[in-house]
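Going down the list, the protein sequences come from chains G and F.
At position 321 of the first sequence the residue is numbered 895 (the working numbering), and the sequence of numbers has no breaks.
At position 422 of the second sequence the residue is numbered 996 (the working numbering), and the sequence of numbers has no breaks.
Be careful, since some hints might not be right.
One copy or two, either will do: identical chains are not told apart, so a pair holds if it fits within one copy or between any two.
Computed list of lysine-lysine pairs in DSS-like fashion (alpha-carbon distance at most 25 Å, straight line) [as the list claims (entries may be wrong)]:
1. Lys878 with Lys751
2. Lys642 with Lys1079
3. Lys749 with Lys1117
4. Lys878 with Lys951
5. Lys751 with Lys1117
6. Lys1104 with Lys1053
7. Lys749 with Lys677
8. Lys677 with Lys642
9. Lys1042 with Lys1053
10. Lys1079 with Lys1117
11. Lys878 with Lys642
Because the hints were derived from the structure by calculation, they are not lab data.
Quantities reported herein were computed from a predicted structural model and do not represent experimental measurements.
2 protein chains.
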Amino acid sequence: MKVALAQWDMVVGDVSGNATRIIEAIERADGAGAQVVVLPELAVTGYPPEDLLLRRSFVEANVEATSKIAAQTGDLVAVFGFVHPSGGVLHNAAAICQNGEIKAVYSKHLLPNYGVFDEDRYFTAGTDHHLFVATEATFGVCVCEDAWFPEGPIAVQGDAGAQVIFNINASPFHKGKVVEREQMLAERARRAGTSIVYLNTVGGQDELVFDGASLVLNAQGEVFSRLPQFEEAFEVVDVPLGPRSVNRSRQLLAGSVNRTAVGLRRAEAPGTSVVAQPLEGAAEVYAALVLALRDYARKNGFTKMVLGLSGGVDSALVATIGADALGAGNVLGLLMPSSFSSSHSVTDSEELARNLGIQTHTIAIAGAYESYLEMLKGAFGEVEMGIAEENLQARIRGNLNMAVSNRYGHLVVATGNKSEMAVGYATLYGDMAGGFALLKDVFKTEVYELCRYRNTVSQVIPENVLTKPPSAELRPGQKDQDSLPPYDVLDQVLDLYVEEDLGRKEIIASGYEEAVVDQVLRLVDRAEYKRRQAPPGPKVTTKAFGRDRRLPITNRWREA
Amino acid sequence: MKVALAQWDMVVGDVSGNATRIIEAIERADGAGAQVVVLPELAVTGYPPEDLLLRRSFVEANVEATSKIAAQTGDLVAVFGFVHPSGGVLHNAAAICQNGEIKAVYSKHLLPNYGVFDEDRYFTAGTDHHLFVATEATFGVCVCEDAWFPEGPIAVQGDAGAQVIFNINASPFHKGKVVEREQMLAERARRAGTSIVYLNTVGGQDELVFDGASLVLNAQGEVFSRLPQFEEAFEVVDVPLGPRSVNRSRQLLAGSVNRTAVGLRRAEAPGTSVVAQPLEGAAEVYAALVLALRDYARKNGFTKMVLGLSGGVDSALVATIGADALGAGNVLGLLMPSSFSSSHSVTDSEELARNLGIQTHTIAIAGAYESYLEMLKGAFGEVEMGIAEENLQARIRGNLNMAVSNRYGHLVVATGNKSEMAVGYATLYGDMAGGFALLKDVFKTEVYELCRYRNTVSQVIPENVLTKPPSAELRPGQKDQDSLPPYDVLDQVLDLYVEEDLGRKEIIASGYEEAVVDQVLRLVDRAEYKRRQAPPGPKVTTKAFGRDRRLPITNRWREA
Chain G
575 MKVALAQWDM VVGDVSGNAT RIIEAIERAD GAGAQVVVLP ELAVTGYPPE DLLLRRSFVE
635 ANVEATSKIA AQTGDLVAVF GFVHPSGGVL HNAAAICQNG EIKAVYSKHL LPNYGVFDED
695 RYFTAGTDHH LFVATEATFG VCVCEDAWFP EGPIAVQGDA GAQVIFNINA SPFHKGKVVE
755 REQMLAERAR RAGTSIVYLN TVGGQDELVF DGASLVLNAQ GEVFSRLPQF EEAFEVVDVP
815 LGPRSVNRSR QLLAGSVNRT AVGLRRAEAP GTSVVAQPLE GAAEVYAALV LALRDYARKN
875 GFTKMVLGLS GGVDSALVAT IGADALGAGN VLGLLMPSSF SSSHSVTDSE ELARNLGIQT
935 HTIAIAGAYE SYLEMLKGAF GEVEMGIAEE NLQARIRGNL NMAVSNRYGH LVVATGNKSE
995 MAVGYATLYG DMAGGFALLK DVFKTEVYEL CRYRNTVSQV IPENVLTKPP SAELRPGQKD
1055 QDSLPPYDVL DQVLDLYVEE DLGRKEIIAS GYEEAVVDQV LRLVDRAEYK RRQAPPGPKV
1115 TTKAFGRDRR LPITNRWREA
Chain F
575 MKVALAQWDM VVGDVSGNAT RIIEAIERAD GAGAQVVVLP ELAVTGYPPE DLLLRRSFVE
635 ANVEATSKIA AQTGDLVAVF GFVHPSGGVL HNAAAICQNG EIKAVYSKHL LPNYGVFDED
695 RYFTAGTDHH LFVATEATFG VCVCEDAWFP EGPIAVQGDA GAQVIFNINA SPFHKGKVVE
755 REQMLAERAR RAGTSIVYLN TVGGQDELVF DGASLVLNAQ GEVFSRLPQF EEAFEVVDVP
815 LGPRSVNRSR QLLAGSVNRT AVGLRRAEAP GTSVVAQPLE GAAEVYAALV LALRDYARKN
875 GFTKMVLGLS GGVDSALVAT IGADALGAGN VLGLLMPSSF SSSHSVTDSE ELARNLGIQT
935 HTIAIAGAYE SYLEMLKGAF GEVEMGIAEE NLQARIRGNL NMAVSNRYGH LVVATGNKSE
995 MAVGYATLYG DMAGGFALLK DVFKTEVYEL CRYRNTVSQV IPENVLTKPP SAELRPGQKD
1055 QDSLPPYDVL DQVLDLYVEE DLGRKEIIAS GYEEAVVDQV LRLVDRAEYK RRQAPPGPKV
1115 TTKAFGRDRR LPITNRWREA
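Sequences and hints are given; from them, build the entire structure.
What follows is the structure, given as structure tokens:
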């Protein structure tokens, strides 16, 4: 079967724009002689539309757009996701359209409601299946999570006679997910005896990034085609079909399976079998961050970004990703030395900026800092401000970034990493200030890996940035490692506590010092109020701070 | 039946502290000669524990605490909420304990997953019922949402023979909910032919405030006892029993109803029938805000608060609530005039502070403001900064509040109201800065109502604060009404758009000018990125910004 895969980046809320693009995909597939075109889950609304779904005007616009798209179809079958209101509830559904009409609607059976997902908040699960019976082939349709359960819709539809199943997705990226997905889909294909067309969306959406990597697997579970990661793709693939066979005994258990006769047009020209190689390790995460930043900027109307360049590894990486995502000419770095700043904080930043070709301004903050101390002295007398002094410097810098944003429209990109966000080693309204926190889900040790990876592409980040000891430079001689465990240990403990949700005893039993574990857990727990006010940033691990990890601020639970 | 109602304020995460308090309630009920003591939903963990539930160490501690509590029971029956892990899933459950053991566990049937609730994220619904059969009476137990469906657990248990049902709750407050709840419970009682003991928790928890107002209704749906709102209460009530009757025909439909024989101790002394009057209008919301602030401070370890006093109505109300919640001696007001500030901004604030008896410091911000302009001029030349200049003033004030917090440990309370939060008429990292945003869910028109209400208790807010036109005073002669619709119109449109989720056409059809509606909707949509970084604040309406309203930042949907 000749199938067009439209791995496209749909924009949340852009119902008319998305509809235009879906029609464009249909026309392009039609022109290429495909028999079926497949687009992502909730292609009409973008994913996830969140509480827009509670507004009737939005849901109605999505229904009208879906009808309009269906009206544009000819003998090519189009499969795409939309929100289907029915009987007073909403379904996360696939429309199967042909010859100017919606021939059938499949409503997602399995609604994810864990991690970043809240689908039970909006949708009611479907219970019916649809098989589409043509002379050439019988096919089925399902949506995203439906594929993840061994005896779920793919098995049912396979048993009922499907030779190929179109599984449409908005499957958020995390490291290693491509492998996980391909193993899972291979099992499903073999179990069901069907080939599978796995069509994923691509693009950045607030805290999520979708990696594409759409797949075609044959009924033996072998990868027949794979689309690239982190970019839009449109390919017409000759999808191999599974055998024509029906498992009658199983069918009795399967619930309602509706059968709809369809006529498939003749395939006009041979399709292809593209197999893009998935990215690995740091290259994959780097590409995810580039797309996340580019899409956040583009979809929110920003062309330029500003960031504070401290001479440290975090801001160096953010500037570099910024240049790759938006173009070097669209990145502005502010060098904002204080009296505690080292000379290399400026010289390293300048070298980085030259290498990248980005613009910088240097603004010494001593004057503003002194005026704050004067103001406070006037009110409170001569007192040692301590941590307040450190935070003031960070906040002056945050204010300057924001002033540039307010005046010139730049997106402020915050540079803090996941390790800092975890332990609260960042200043609220200071270095945490910004519209997007690009490294929010990247541990400090991974920041180094990403820099070293990027330097293998072209040497842009000065070696001194990668070798000097990390320091916030907010007081004389300050070094991160004076107050935190070594980053390699810290990041491992954080991984166990944050991503694995292990308790204190289990972490200690994994081989970490009691004192270190207690320190880290205490710091993480105490910083929840800061994280709650952090900008969004892209999820690249199995558990990111934000919608993926929802802890109370008011919380007396302590592991120790 | 003589029942002790322990309307207590449990702390999220404080498993050992909550267990101690539950045991205290049991001892007190025992001493008062009660036959049954009832405590809130998830009393052991506090509500809502959110993603703490994903950590095994936490769930296990809750189970251990529950066993420990059960071990303390004698012939008094104790009913309280805990998390019940069973078969690899979690239940939001009630433990029914007596004579040193957990006699039965009831798992909540109906799990709310809308508005502020995410119970499907954590819990699996129960399917069984338990009736407890004593010589004197047959009783049932259910949890919160179970009461809200006409043919739900209360009807089933009533049909099966329950004469009284204990419904344990953590039911968040919003304006008017007491009336809504009492009407609903009266219907349930009449339908089921049982009396109902509705036991609610009380207290503030991040964005939620629980109002208590626990109730006893007889089988005719009449209020027999009502506990006070917004404070802890412990009362021993002689609960009237419904008739002994079983609806056999209905029972067949009801699913599994387990029967457990229990012996009730003899009631030693007469109980009471307290009927506290519920608060109304502004008095009710005022009390909710006092408790929300007091509990946020107390449970997070703050005794003192700081706020910026602008001479405006919002900061006047926050200071007043602060004085009522924490004591006047624990409230510090910072007066931070700029060159655009009116003279009354200082004099009105000083009068307010004298009336309340709170401490103030006055810090002129002109010096810091000039130094920012100098820094920016050095980098960008002589340019008109426009909105950037306005925001700088707000951010200097935010920084000063935070410096006081960092140095002296005060909680910074942000003063912005719901109208401002809605339309983005507030500065991120400026007047939005703080640990708690007390008026986040209070419209500007309601701010005036609350002030006028509070002045009827004692005249503390200067009349000039209530009569002068609202202004941010960030540029010469600025007035809110120059750039926003009149607040009474604005608040009505916001109510329709935010709380009612109506679309543009429906709002215009309700009688508002097209231009005004378009302006308001555009402003609300554009400010989503600011709200995402706002501090938590207490929900007092049917839809608050925060976990109650979850919209994407990246969102191209526009109603116009």
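Hints and how they fare:
1. In this assembly of identical chains, lysine 878 and lysine 751 lie within 25 Å of each other by CA distance neither inside one copy nor across copies; the values are 31 Å within and 47 Å between.
2. In the homo-oligomer, the alpha carbons of lysine 642 and lysine 1079 lie at most 25 Å apart only across protomers (21 Å), although the nearest pairing inside one protomer, at 58 Å, exceeds that limit.
3. Only within a single protomer do lysine 749 and lysine 1117 lie at most 25 Å apart by alpha-carbon distance; the minimum there is 11 Å, versus 36 Å between protomers.
4. Taking CA atoms no more than 25 Å apart as the test, lysine 878 paired with lysine 951 passes between copies only; the shortest distance there is 20 Å, against 39 Å inside one copy.
5. In the homo-oligomer, the alpha carbons of lysine 751 and lysine 1117 lie at most 25 Å apart inside one protomer (13 Å), although the nearest pairing across protomers, at 36 Å, exceeds that limit.
6. Within a single copy, lysine 1104 and lysine 1053 get their C-alpha atoms as close as 22 Å, which meets the 25 Å cut-off; across copies the closest is 33 Å, which misses it.
7. Taking identical chains as interchangeable, the C-alpha atoms of lysine 749 and lysine 677 are never at most 25 Å apart, the minima being 38 Å within one chain and 47 Å between chains.
8. For the homomeric pair lysine 677 and lysine 642, the shortest alpha-carbon distance inside one copy (14 Å) is at most 25 Å, but the shortest distance between copies (60 Å) is not.
9. Proximity of lysine 1042 and lysine 1053 under a CA criterion of 25 Å is satisfied intra-copy only: 10 Å inside one chain copy versus 52 Å between copies.
10. Proximity of lysine 1079 to lysine 1117 under the C-alpha cut-off of 25 Å is restricted to the intra-copy arrangement: shortest distance 21 Å within a copy versus 40 Å between copies.
11. In the homo-oligomer, the alpha carbons of lysine 878 and lysine 642 never lie at most 25 Å apart, since the shortest distance is 36 Å inside one protomer and 60 Å across protomers.
Of the numbered hints given earlier, the model fails hints 1, 7, 11; all others are met.
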